[in-house]
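There are 2 protein chains.
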Amino acid sequence: MHTIQEVLTEVMKRVKPSPEDRERVMRVVDKIKGNIEKAASARGLKLRIEVEGSLAKDTWVATDRDIDLFIIFPHGTSKDFAQEIGLELAKSGVGEGWRLGYAEHPYVEASVDGYTVDIVPSIEIGEGERPVTAVDRTPLHTKFVLKKLDEKMRDDVRLLKQFMKGIGVYGAELKVGGFSGYLCELLVINYGSFEKVLEEASKWKSRTVIDYMKYYKEGEAEQLFNSPLVMIDPVDRRRNAAAAVSLQCYATFIAAAGRFLENPSREYFFPPKEQVEINKTLEKLKERGSSLVVVKTGCPKLPSDVLWGEVQRSLMKAVGLLERYDFVVLDQKAWSDEERHVLFILELEMRRLRKGKVHQGPKVWYQEDVKRFLEKHLKGENVLAGPSIKGDRWYVELKRKYTEAKELLEREFAKLSLSKDMMEEVKKGFSVYVDEEIEELFIEEPRLLSEVNALVRKRPLWLK
Amino acid sequence: MHTIQEVLTEVMKRVKPSPEDRERVMRVVDKIKGNIEKAASARGLKLRIEVEGSLAKDTWVATDRDIDLFIIFPHGTSKDFAQEIGLELAKSGVGEGWRLGYAEHPYVEASVDGYTVDIVPSIEIGEGERPVTAVDRTPLHTKFVLKKLDEKMRDDVRLLKQFMKGIGVYGAELKVGGFSGYLCELLVINYGSFEKVLEEASKWKSRTVIDYMKYYKEGEAEQLFNSPLVMIDPVDRRRNAAAAVSLQCYATFIAAAGRFLENPSREYFFPPKEQVEINKTLEKLKERGSSLVVVKTGCPKLPSDVLWGEVQRSLMKAVGLLERYDFVVLDQKAWSDEERHVLFILELEMRRLRKGKVHQGPKVWYQEDVKRFLEKHLKGENVLAGPSIKGDRWYVELKRKYTEAKELLEREFAKLSLSKDMMEEVKKGFSVYVDEEIEELFIEEPRLLSEVNALVRKRPLWLK
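Going down the list, the protein sequences come from chains A and B. Quick note: the first sequence uses our numbering, first residue 1, plus one each step. Quick note: the second sequence uses our numbering, first residue 1001, plus one each step.
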């Protein structure tokens, strides 16, 4: 058992960038900046290039490999011009191997010397103008955070980010539904330190509203936003900076925070590597007696957040289908390499149901309903037993259409109303694997094994 | 398809006693009466012997073989004297082979020339005195019914009784929970005819109150009695003559009445004999995929109604036990020959459950509850997976104590809080049979086969 301070000192050594870390990233930044400036002056353009994100705020974690650069055109530049020329300049900044990304605005994403570099064209907003998009807000976030954080607090942000990473709730992208870097910064600003954040979070109830700037009156913000966690953005009172945080991530953070304070350990920050073995995972599943069904299909070419939105919706449609046919879904998870495969992993209480299904009819005194019910079921082909009276009602036992989850998915999955993109992939083909059949999937896609293992184990790695 | 009149005419031929039927029963009555009178005058006693029940009211069905005789001591006779001497006289009336029965009062029951004869000692109640027991009321019932029924109506009572017998709801004893003969008479008196009774009953809703004598104000009787059917006894306003009618019998009568009026058929009165085959019954069960479990134990020596009360309560305890361990009980039935065996027949959705069972824990923000939950389950031997967070809650998957219904019953049935009498039998021994194992029970007890067959078929025989 270690004290919190011992743990944090040890973690800090790994999360705080060393002078060498800083030098290395600045070399990459300077190179790209130089390229863009050269290209700009060749066109006779006057603009600023600014580092944004955690690098600008000095809240990055040593192992991060992200660089955010903004090409800022002067106030009054036309949007079309800024976008077109901005992307041209961005591309000349990174050379080969870029791709276009889209959030609210297009930007250039590239891999340079091991870093993921995002270059975003934007236009300076005038004094007093309201930020409208994420791109507009970014420089304001940087300014605000720089003003509010001292060095100790910046280190606490690094600890908090690493803690979130360790327990699997870091990242506002749909795939995670967790806490953004900016949200981590705001939490430290609001509560004062890493430890304070955890202490307060461990006491969070079903909903938490933080309005650091006191924009709203008591109870007002609760009404306006409906996520479990509401963090009014200090630079934009209409925005919830924690809107991405799902109930699952919110609850996980609360639980992990409370547990960590009682049992501090570095494993919250750096979860131990698991030795995952196919046989043991399948054996464990067999011991529990539940069944795993995996639906595999192709991956539509879509921006990550759009993809994950469609994947999650498709997963819930698969769950709905199974439940409509009386299968009990214990757990579900989607997985994708965002390139070739989308997999829907479903854990069922049982993969096979009995043939008969009790169907409740009307109470005996609703004469017209009874007439219809008996007419339908007295000669019905699908009747296995009854109709019969139990208590004050008619019942009948009908034959199920599907008794095997695999068959149900094989026959009905492609009939679900999935998104157009997912539908196209499913139409091209999909396969269903049950229990021991999943083994062949692991061979094809080894990364799946740890996903399935986590689903079978269920216990988070930080929980001891 | 026959008309109602065709069906009733045919049924009437079988239910109305012929002159020969009447002669035969009166010979037996006269013989017993003679014996008792002789014994009474030998003791110098002056008393009346009266035929009661359906024989006295001439509402008996030709196939009935019941004789009710009352030995009536004069008003003012002491209760002890009447009981002691009354039973002595009763015994001398029937010779060998009697046994003592108990309802509210002791009486002598004997089998004479193929008839079941009940001889009840009683004391004449004075003018204006209120009847207190069933024995006191019986002569009043007879008087009332004789006054109200003409010959046509008496025949309608016979039809109604036979209808009730055919659909399995005749008899106020606990084993049946159905309609007594007196209740059938009151229904015909109230509605006027057999057909009228069925027409009105087919329109009965969740509760029906009949107050022929208009003893109560509108809505008053509903408050006082809470059975589904309330028939205020014309000779005793404090008594519900339909108190024995269970919801099951009430609903069955409503349903059968409605169905009969639409599809009249003699099968409601005389259900067809089923050809029951062990193999077909077990095959049918297998096709539906449910499981049958039978618990067999000895039969305590108890008066029938007491026995069935205890048997039904024990059955419900067995259902409760199975449900407590997550088995889904689809249907249940007790059977007894009232001599040697009591059998509890339980139909289960599945006889085997998976090893794991999801156990819901507290929401993450109830810190103290979470602490206790995690302490209990982090090192718990019975944990198969988790603890884990899903949505805003902790869950854990535990090992079930029992995955087989048979094992559960074998280990826990004797620990249930059954009645003292049942407990004694269970302690002496009980066996549990599942699915194909039941076959050996059929060989030992062939009457069980039609019980099990009805439970598997579920559809009442009258329902076409």
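Watch out, some of these pointers could steer you wrong.
Stated by the list, open to error - Think about it this way: if two alpha-carbon atoms lie no more than 20 Å apart in a straight line, the pair counts; the simulated EDC-like pairs of lysine to aspartate or glutamate are:
| # | chain 1 | residue 1 | chain 2 | residue 2 |
| --- | --- | --- | --- | --- |
| 1 | B | 1376 | A | 200 |
| 2 | A | 379 | B | 1267 |
| 3 | B | 1363 | A | 200 |
| 4 | B | 1363 | A | 331 |
| 5 | B | 1379 | A | 200 |
No wet-lab data here; the hints were simulated from the structure.
Verify the proposed pairing of residue 1363 of chain B with residue 331 of chain A, using a straight-line Cα cut of 20 Å. 18 Å, holds
Would you mind confirming whether the straight-line C-alpha gap from residue 379 of chain A to residue 1267 of chain B stays at or under 20 Å? 18 Å, holds
Within 20 Å, alpha carbon to alpha carbon, are residue 1376 of chain B and residue 200 of chain A? 25 Å, violated
Below or equal to 20 Å on CA atoms is what counts here, so check residue 1379 of chain B against residue 200 of chain A. Since the Cα atoms of residue 1379 of chain B and residue 200 of chain A sit roughly 28 Å apart, the hinted pair is violated (cutoff 20 Å).
Agreement of residue 1363 of chain B and residue 200 of chain A with the hint, judged by alpha carbon distance not exceeding 20 Å: 17 Å, holds
This entry does not satisfy hints 1 and 5, going by the numbered hints stated previously.
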